Amino acid sequence: MSDIVESLQPRFEGLEPRPSADHPSVQCPVKFLLPLIECLRDEFDYSMLMDVTAVDWDKESPRFSTVYHLFSIANCRYIRVVTNCEDDENPSVPSISALFPAADWHERETFDMFGIRFEGHPDLRRILMWDEYPYHPLRKEFPLAGIETELPDAEVAEETDAKMLAAPMMGGPFVSKGGEPMSKSEPRAADESWTEWKKKPSLEKE
Amino acid sequence: METETSQVGYNSKVEGDVIVTRVDAVINWVRKNSVWPMPMGLACCAIELMGVAASRFDISRFGMEVMRFSPRQSDCMIVAGTVTYKMAPVVRRIYDQMADPKWVVAMGACASTGGMYRSYATMQGVDRIIPVDVYVSGCPPRPEALLDAMMKLQSKIEKEPSFKNLGKETVERRTWA
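Chains as they are written, first to last, in our numbering: chain A, 27 to 232; chain B, 39 to 215.
Just so you know, not all the hints are guaranteed correct.
With beta-carbon atoms standing in for the labels, derived distance ranges [what the hints assert, rightly or not]:
{"no.": "1", "chain 1": "B", "residue 1": "72", "chain 2": "A", "residue 2": "195", "range": "41 to 47 Å"}
{"no.": "2", "chain 1": "B", "residue 1": "180", "chain 2": "A", "residue 2": "68", "range": "52 to 58 Å"}
{"no.": "3", "chain 1": "A", "residue 1": "55", "chain 2": "B", "residue 2": "110", "range": "55 to 61 Å"}
{"no.": "4", "chain 1": "A", "residue 1": "189", "chain 2": "B", "residue 2": "68", "range": "36 to 42 Å"}
{"no.": "5", "chain 1": "B", "residue 1": "157", "chain 2": "A", "residue 2": "68", "range": "39 to 45 Å"}
{"no.": "6", "chain 1": "A", "residue 1": "57", "chain 2": "B", "residue 2": "110", "range": "54 to 60 Å"}
{"no.": "7", "chain 1": "B", "residue 1": "65", "chain 2": "A", "residue 2": "189", "range": "34 to 40 Å"}
{"no.": "8", "chain 1": "A", "residue 1": "43", "chain 2": "B", "residue 2": "94", "range": "56 to 62 Å"}
{"no.": "9", "chain 1": "A", "residue 1": "173", "chain 2": "B", "residue 2": "196", "range": "41 to 47 Å"}
Derived by calculation from the structure, the hints in this document are not laboratory data. On a predicted model such as this, the values are computed, not experimentally measured, just so you know. Even for Gly, the Cβ is constructed at its ideal location relative to N, Cα and C.
Go ahead and model the full structure; you've got the sequences and the hints to work with.
Given below as structure tokens:
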């Protein structure tokens, strides 16, 4: 499984295997990201970019890592490449969109959600939220419920008095308490149905 | 006492050709039987909306089969699906472009309340930006539920004063603390 990592290690100094439950995975120094991706594409037949995403490690430093999944159509196998972003406040990594055009929108989404700048990207704009939106929603400090913000259209906002408001969370439907098994913590499980915790009703008295 | 009305009612020469009624009743009868919906399909509810239009459920039985994709030609906006904050101003603009009189049906949990999307991206009910006449529960609602809502809308149209909002701003602002 890690043959490929071993064969790459002499060529890219500082390349480390990462613990992984499924596919080979490498931690790559950011300066080798582009050469490594190109090498995997051209020499190891990883011809398809499946995903670009990122991880926010919250308090740790380096705080942000970007994650790339490559797939080899010829050999039917995956590899995962992880690299740490340089700056914790204004993270950035080089864009791989010159190597894989498919990275374009993936990187725009990662930029939108995490605020990671992809240097050399041809058109780094937000892709899900609108351009003026001030936050990056998948960062750890951003609450799921959201933060009060103006609507994208000022005219409509004035006409309707509507704003982006924090969504109601606890106590509402579809919000589970967490921690317990799903059959206990799901709000809808607190009904008449039987689970592993609640016996099936029976005519016979115990 | 002979009034003009009784003339019409009892004159055997015009009997059967003349109907006496109220203006409201006639106008509302016309309106309720030719509601032209504007399908605002935003998510999976729109699939059920298509089911309502197709042969099994057949919304044309109620005179509503003329789905208009131009807001200028439609009377009733059916908001079918999740309204995100990014989409909300667009929904509002399309509503503004519809000519009076106009009605809104919020179809499904998402359009009514935000549904299962308790998150930063989803507007918690389309009634924050446009006035809703009928809410339909369900995720997504069965086509029968939408038909029921449209029939409820018909009976609502039937009862309202037909010149109620003529030339006036119809938006009832709802304040959210």
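### Numbers of the earlier hints that this structure fails to satisfy, in rising order
none
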